[in-house]
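Number of protein chains: 2
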Amino acid sequence: MFNQVTILGSGLLGASLAKAIRKENLANSIRIWARRKATLDSCISEKWCDQIEEDLIKSVYKSNLVIICTPVDSIAEIIKKIAPIMDQGTLLTDVGSVKEVICQVAKEAFAHSRGKFIGSHPMAGSEKSGMKFADENLFSGRSCIVSKLDDQDKQEVEVISDFWEKLGMSVYELSPYEHDQAISFFSHLPHFLSSTLAKSLDQKPDKWKNISGMGLKDTTRIAEGDPELWKQIFLMNKNNILQAVEEWEKSLNEIKLYLKDSKNEKIYSFLKDGMNFRKKL
Amino acid sequence: MFNQVTILGSGLLGASLAKAIRKENLANSIRIWARRKATLDSCISEKWCDQIEEDLIKSVYKSNLVIICTPVDSIAEIIKKIAPIMDQGTLLTDVGSVKEVICQVAKEAFAHSRGKFIGSHPMAGSEKSGMKFADENLFSGRSCIVSKLDDQDKQEVEVISDFWEKLGMSVYELSPYEHDQAISFFSHLPHFLSSTLAKSLDQKPDKWKNISGMGLKDTTRIAEGDPELWKQIFLMNKNNILQAVEEWEKSLNEIKLYLKDSKNEKIYSFLKDGMNFRKKL
Chain A
1 MFNQVTILGS
11 GLLGASLAKA
21 IRKENLANSI
31 RIWARRKATL
41 DSCISEKWCD
51 QIEEDLIKSV
61 YKSNLVIICT
71 PVDSIAEIIK
81 KIAPIMDQGT
91 LLTDVGSVKE
101 VICQVAKEAF
111 AHSRGKFIGS
121 HPMAGSEKSG
131 MKFADENLFS
141 GRSCIVSKLD
151 DQDKQEVEVI
161 SDFWEKLGMS
171 VYELSPYEHD
181 QAISFFSHLP
191 HFLSSTLAKS
201 LDQKPDKWKN
211 ISGMGLKDTT
221 RIAEGDPELW
231 KQIFLMNKNN
241 ILQAVEEWEK
251 SLNEIKLYLK
261 DSKNEKIYSF
271 LKDGMNFRKK
281 L
Chain B
1 MFNQVTILGS
11 GLLGASLAKA
21 IRKENLANSI
31 RIWARRKATL
41 DSCISEKWCD
51 QIEEDLIKSV
61 YKSNLVIICT
71 PVDSIAEIIK
81 KIAPIMDQGT
91 LLTDVGSVKE
101 VICQVAKEAF
111 AHSRGKFIGS
121 HPMAGSEKSG
131 MKFADENLFS
141 GRSCIVSKLD
151 DQDKQEVEVI
161 SDFWEKLGMS
171 VYELSPYEHD
181 QAISFFSHLP
191 HFLSSTLAKS
201 LDQKPDKWKN
211 ISGMGLKDTT
221 RIAEGDPELW
231 KQIFLMNKNN
241 ILQAVEEWEK
251 SLNEIKLYLK
261 DSKNEKIYSF
271 LKDGMNFRKK
281 L
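The listed protein sequences derive, respectively, from chains A and B. For the first sequence, the working numbering begins at 1 and goes up steadily by one. For the second sequence, the working numbering begins at 1 and goes up steadily by one.
Rather than coming from a laboratory, the hints here were simulated on the basis of the structure. Small disclaimer: the values here were computed from a predicted structure and weren't measured. Hints should not be assumed to be uniformly reliable.
To be verified - Taking lysine to any residue and the SDA-like style, the derived pairs with C-alpha atoms no more than 20 Å apart in a straight line are:
{"no.": "1", "chain 1": "A", "residue 1": "47", "chain 2": "A", "residue 2": "29"}
{"no.": "2", "chain 1": "B", "residue 1": "256", "chain 2": "A", "residue 2": "202"}
{"no.": "3", "chain 1": "A", "residue 1": "280", "chain 2": "B", "residue 2": "256"}
{"no.": "4", "chain 1": "B", "residue 1": "166", "chain 2": "B", "residue 2": "266"}
{"no.": "5", "chain 1": "B", "residue 1": "266", "chain 2": "A", "residue 2": "73"}
{"no.": "6", "chain 1": "A", "residue 1": "266", "chain 2": "B", "residue 2": "207"}
{"no.": "7", "chain 1": "B", "residue 1": "207", "chain 2": "A", "residue 2": "126"}
{"no.": "8", "chain 1": "A", "residue 1": "37", "chain 2": "A", "residue 2": "58"}
{"no.": "9", "chain 1": "A", "residue 1": "128", "chain 2": "B", "residue 2": "256"}
{"no.": "10", "chain 1": "A", "residue 1": "209", "chain 2": "B", "residue 2": "227"}
{"no.": "11", "chain 1": "A", "residue 1": "256", "chain 2": "B", "residue 2": "203"}
Said to hold, decoys possible - Non-contacting residues of chain B with respect to chain A, defined by C-beta distances greater than 12 Å in every case (computed):
{"no.": "12", "residue": "85"}
{"no.": "13", "residue": "88"}
{"no.": "14", "residue": "220"}
{"no.": "15", "residue": "265"}
Don't be surprised by glycine CBs; every beta carbon is placed ideally from N, CA and C.
Model the full assembly from the supplied sequences, consistent with the hints where possible.
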């Protein structure tokens, strides 16, 4: 599909992506760039890595597709650096969990670039981080959101969507603004609550921790995610997240009131609505 | 181990327990009682059911161990009915997720009984309910809490603990009071938050629901639990749960404030504490 693909960053997502591209045979050659030389050295022996490149600018040369898989708060900086030197027709995308800030920066950076940028957010990840947990099936069966900068970019959206679909993803197109709103409710809010639950229970007696069941393990699984990554996401989507929390608190206060007043029927129908929502996921 | 075991109720827990007892060969004969004749008729053809009995009182006769697996808000009533007619040395236990109310009722009911009661809370379950989801491995690898009524009952605690351990459970002893407190934080609070999250998101646009990832699926899995069961649990452990929610809200307000003020380091260490808690589970 592509002759040359460059992946910037070789953490969990970057390395998994390289593995998946190799598995689906979507690139003749995969080039990896990473900030640290030691990281690159550990890539070159891997089946999913054909070339390594220490220089960010050089890593992009003659690539047909470049995918930024670095920490979310470094994506905008990288876009600014590589947009001006991109070859004609080169497509740039990213895997960041936040889209509005990134697409805003990209819009300015690509105003005079020969390449094109389409934002992506493949909703794949793990509570584990790092190359050693890389998984060629990480993307398969998951959702991916793509966001375009400009209504003119229909063809590029198709190429990028097709790429994610070939990795087994279901692709949805949302504007950067709507992405950040939707994701604040459907991804960042759950993480916020999960981490808050974990932090809160950490203060309880050790012997109580023995009795945790699968329910607690599931609700707190994502709290095991990289705190540095999630700090960046929270800060980059701060206003939407605070608004989502505030809306969610309305539901919290509703059920608290029902419970205080022992409103049998109200509690039942509240829980039933929640059950029905979950069944449809 | 036991000659005759009676299981009261043949829902997910009762039927799974019968299967597990058969698998581990812990009873010569398993007798099932259920409220509805049709339910009993569907049990008798199963390998894990040797006898069925429609009459609650008769179902207990000559049993060495009786386990109440009915909905949690019916357990106290059943204890009151069967305590007076129990044979010398018969042990009664239950699987209710709440222990204080149940043990209080049992204490009075067993003051003049020839049998003995030890409360149990095997922390096994599923978001699915009903006999058709019964699983002989439901208890294996999970925690179980046992609560005694009286400090004299050491020997009975040992027999009941041994029984759960033979089903693969790790057994911990807590007083009914401490059980309800601990469980309000480690089980009921997670369910409360999970259901509230699910209920809150149910009001969002349908197209946003497509983009839910594994994080949301995990954090809301338990919200798919039987709303009738969870309504009962919430009402029976209401004061502890409301207190747990209140304590948890302190953590919520803490992280909200850090986020509002973009307190980089504070957010990071909050998330890191949560991560470390989860890693130890």
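Here is how each hint holds up against the structure:
no.	hint	in the structure
1	A/47 to A/29	holds (11 Å)
2	B/256 to A/202	holds (18 Å)
3	A/280 to B/256	violated (30 Å)
4	B/166 to B/266	violated (46 Å)
5	B/266 to A/73	holds (17 Å)
6	A/266 to B/207	violated (28 Å)
7	B/207 to A/126	violated (24 Å)
8	A/37 to A/58	holds (15 Å)
9	A/128 to B/256	violated (25 Å)
10	A/209 to B/227	violated (26 Å)
11	A/256 to B/203	holds (18 Å)
12	85	holds (32 Å)
13	88	holds (33 Å)
14	220	violated (5 Å)
15	265	violated (9 Å)
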